[in-house]
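Please construct the entire structure, taking both the sequences and the accompanying hints into account.
Protein chains in written order, with the numbering used here: chain A, 1 to 327; chain B, 1001 to 1392.
Derived pair list, reagent style DSS-like, types lysine-lysine, alpha-carbon separation capped at 30 Å:
#1 Lys1379/B x Lys1004/B
#2 Lys1379/B x Lys107/A
#3 Lys1004/B x Lys107/A
It should be emphasised that the hints constitute simulated quantities derived from the structure, not laboratory data.
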Amino acid sequence: MNFDELFGHLGQHTVDGLSKGAIYALIALGYTLVYGVLRLINFAHSEVFMVGTFAVLGVWTALGVENNPPIGQAVLFLVIGLVVAALASGGTALAIERIAYRPLRRKNAPPLIFLITAIGLSLVLVEVFGLLLPDVAGGALPSMFGRARQIVGMPTILKQETLFEIGGTQITNIQLIVFVCAVVMMALLDWFINRTRYGRGVRAVAQNPETAALMGVNQERVIMLIFVLGGIMAGAAALLWSMRFGFTQNSIGFVLGLKAFTAAVLGGIGNLRGALVGGLFLGIVEVYGATLLSSQWEDVIAFVVLVVVLMFRPTGLLGESLGRARA
Amino acid sequence: MIDKIRNADRRRIGAITAVGDRWRALPKWQRILGVVAFVVFLYHLPWLGKLPGGLIIPGLNDLRTDSITGGNNWAGVLFVCAIYVLVAVGLNVVVGLAGLLDLGYIGFFAIGAYSVALFGSVNSPVVKWFQREFDLPETWAVTWAICLFIAIVLTLISGVLLGWPTLRLRGDYLAIVTLGFGEIIRIVARNSENITNGPQGISAIPGPEGPPSADNQVFGLIDARPWYWLAITAVLLMVFAVRRLEHSRVGRAWLAVREDEDAAAVMGVYPFKFKLWAFAIGAALGGLAGFLFASRNAFIDPTQFNVNLSILFVAMVVVGGSGNMVGVSLGAVLLAYLPERFREIADYRWLAFGLAMVLVMILRPQGLIPSRRRTRELKDRAAEAEEAPAHV
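Here is the structure:
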């Protein structure tokens, strides 16, 4: 137990945790949206994120991005990366809904069948990306029958620099961008769900599907919408991840997905603001825990948090609600 | 077009269940004879396609994995198949009978494997600690048979420990928590170097005749046949035991809880108790499988207990037909055997498993050899959906 390290640099660890948690929160939104409307854990959502990182990798490779480009170009690349990742992730999420979930919904299948399908689908996506896209980054043509499943590096878009210091806590440009971007994306989503016509439809279906249908809400469209929205958020997370960590792998989604799901449950699954709170909280807890024990135990901490939350407060910190409460 | 396929599929499902009915309608002596013949066939499998005197039967010989270049030892593959069948039978208790989705089954498998490694191998830190503390000779280690006992007790306890807090949760939460559990077991095994040797793993895991050595008469490192016979014996015993359980009061309680938990509770069946039973029994079976696996391999390390295997186990059960013991055994054998026999697909096997899961769930959620009751449950739900099409 390394308490000296933790309390000696408490501010620094908190900032690290916040910027990590912001990414979890963005992914968690995908779980929360789908759960809020369909009462379904979209297990394949972690792969939506994974596809997003590969989209970023692909577009940066295609554009010939090199390490540390001038700032104007860097911004351009980031914006292009965001758009492409959002398109790819949103498209993947939509495809998952159409291929896997819609036929099951027609048959009113039990929830476990949805979950098993999603697990199968996520395995398929992981394997497709492991087998077909081994090294897009190498500049070579994707070798179709390679078996490479190793980590693929990405160019550094922004050089990590300390922007300012508050009381010995250094805040880097990347941390700031990650945090601000994530919060802006979430604020946009919150506005969309709470203030627009489409958002009202989503909330109506979440509250009561039958009544919503009677009131003229097109349910299928709402379901497609939430999958796409969740996918776009995962795409944004993928861009931020690529910028901050600079690598991807076909199996990257599994652990991140579990953590994001933990974040969603922690904040109250189905609750958009809960996802933000849960994500940031989990990020901080994880960094603190990893400092206290050692970074080897990082993944265990998230799972323990999940079990503890589910045992003592299964509705999460802010409670489950997409439709209720803020109708 | 799709309707045509659906109807054909419905007929096939009918035909499969009809085979089951015909079997049950046979006179008892014929059924016993059939079972005995099948058991003899199972024990004879290592010689599949081979006749005494070096003759081979062409069709059957091609089924063997050592008939292709670079194929694995046939008896070794049979052993793995038997282990997977054991896993599938155990997981079927949890998934098929009690209706709980356990995605962390590899955790129990690992605990079983590590119990024989930690207590039975002279290379394990635990045994070394015992030797130091109690002035035991350096060759001392816990006997294999006692390790078996330890493995089963430990997995039972861990099943209860995991189940106690989590079984009150909704089904899909349970699945995610167990998934986390499987991963935790692997990470703990990797990180606690002073207990499990960490990533280096543990070697010299004993078999029934003691630590692996060239002097062992029966359970050697090279000839896998005795190991296969040992495993298949365990499978047969466990299939028999689970069958008895399925048709007992406990089995009926599982079924009631699976179909409608609230109704079961109203009828006086306490769901939590029976779910915990299913979890613990399933865990113990998984532990037994892991125990045999570790004994045969004589070496384990944490990478052998990857979380993907948990998903493979679930795939075996759901593709085969959850709730039906013949179905899940077939699923296990197929998923273990096909990548070994057809090496060209070995690279794509995870892809194939994933595809198989998705396709089976969408087209035929009851599995290849469905359980009749399961089929009817799903049909009921589909009929409800047609009555109320607006339902999400």
